[in-house]
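**Q** Sequence:
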Amino acid sequence: MSRTSLLITTVAVVAAGYGAWRYYGQPDLMALARGEGLKQTQEAKARPQPAAARQGGGGGAAVVTAAAEQMEFPIRRRSIGNIEPNATVVVKSRVDSQLLQQHVKDGQFVKAGDKLFTLDDKELRATIAKDEANLARDQANLTRAQTDLARKRELLAAKSGAQQQVDQAVADAKAAEAQLAADQATLDTDKLRLSYTQITAPIDGRLGAIQVTPGNLVRASDNSSSSNAGLVTITQVKPVRVTFSMPERELTAVRQAMASATPPNVRVFPSGGKTPLASGPLTFVDSGVDVASGTFTSKATFANEDLALWPGQYVDVEIELGKRPDTVVLPTVALQPGQDSPYVFVVKPDSTVELRPVKVAASDGDRTALSEGVKAGERVVIDGQLRLANGARVRDTTAAQARNDKAGAPSPAAPAAEAAPQAQAGASRS
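Residue numbers for the sequence shown follow the UniProt record's numbering, so the first one is 1 and each next one is one higher.
All the given hints hold, so there is nothing to weed out.
The following label-pair restraints were derived from C-beta to C-beta distances:
id	residue 1	residue 2	range
1	Gln98	Leu155	52 to 60 Å
2	Asn82	Ser341	34 to 42 Å
3	Lys105	Thr189	27 to 35 Å
4	Ala178	Pro263	51 to 59 Å
5	Gly377	Pro342	17 to 25 Å
6	His103	Thr143	40 to 48 Å
7	Thr283	Glu132	46 to 54 Å
8	Arg219	Thr283	35 to 43 Å
9	Thr283	Gln211	29 to 37 Å
10	Gln146	Lys122	31 to 39 Å
11	Ser341	Ser287	34 to 42 Å
12	Leu155	Gly113	56 to 64 Å
13	Asn82	Arg219	31 to 39 Å
Computed cross-link-like contacts, DSSO-like style, restricted to lysine-lysine with a CA-CA straight-line distance of at most 27 Å:
id	residue 1	residue 2
14	Lys191	Lys92
15	Lys238	Lys92
16	Lys92	Lys122
By construction, these hints were calculated from the structure, which means they are not laboratory data.
Glycine included, every Cβ here is placed at the ideal spot set by N, Cα and C.
Please take these sequences and the hints and turn them into a complete structure.
**A** As structure tokens, this is what we get:
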């Protein structure tokens, strides 16, 4: 054989050995060159695994089971909502004046009627004094007009006066009376404006950031200008409401629940949380369905005495629309997705499992209600389903033991991995 042919043959053998090493789990190259390693590796891959290795040892796959129960199952629906204050008031000045005193601090809780600010009232008090003087003057004018009218009526009765004089006196008396009423109205208006210099809280709630400090001039005209923030904003946080949307298909159930003696109960949770923050009745269902989204708006009210809910906060909402009596219930983790329907593994008395399709009636997060497929009292696998097939033998154990068995169970590649050292050992012996 020529040197060139020998070189080509050597390169071909090395290339074949490298390819087989990459494909069959890296057996010994010398064994591959003789054709022994390839044969042993193929035999190792085809060799069946022991039953104990397939099923986790101990005569069956280690699984965790739970019994299906028959109970009253709540019908709940979930959504995402936003916490809204029951009322929000922007406090603004109703008169033009200078801010003299600030009686509250940022973020303070106040009651309706609590004093917030005091404005300068000297100008208004002077105006009221003038109004009172005008009122006294016109009161005197009315008294004089009434006296003059009485005198002229006496003269007319004694045929010493003219009817025209009496008519004029009547008109003068009525004019004086009207002027007196106008003076009284002006006085009342200015007294009301004086009361506006003491700015009080219109509702219970929590103050926001105070926008004006003492010494600044505040104007009633700011109410319609670009400076629309006012002096401070009061947000009512006890009670609060949650606003959320539900799909149109739930409208009938919600309306029926609202028509019952007890309105549906609504619970709210922190976003992604499991512990409820508050619960309260459903108090509002919108009069129409949004055409664009196919949803309708609902609201629930919470006392919020512990201030667990804050306006603007996003929460998970759960509404209970009734209960299903005598329903078979099992842990949701027992359900496995199937092509046509979900299924569960039911443990039979002989410690084998039956793959059984089920029909879901309702779900409540960790628990699922079934309308058919499983009977109350039957045990279903809730951990270890991925290693099971219909008819597989199992042994019930705890969750911790099942995890340990999973960790200790040989992988499907174990026989192939063991084949490589055997091939190497055969090559060494030869």
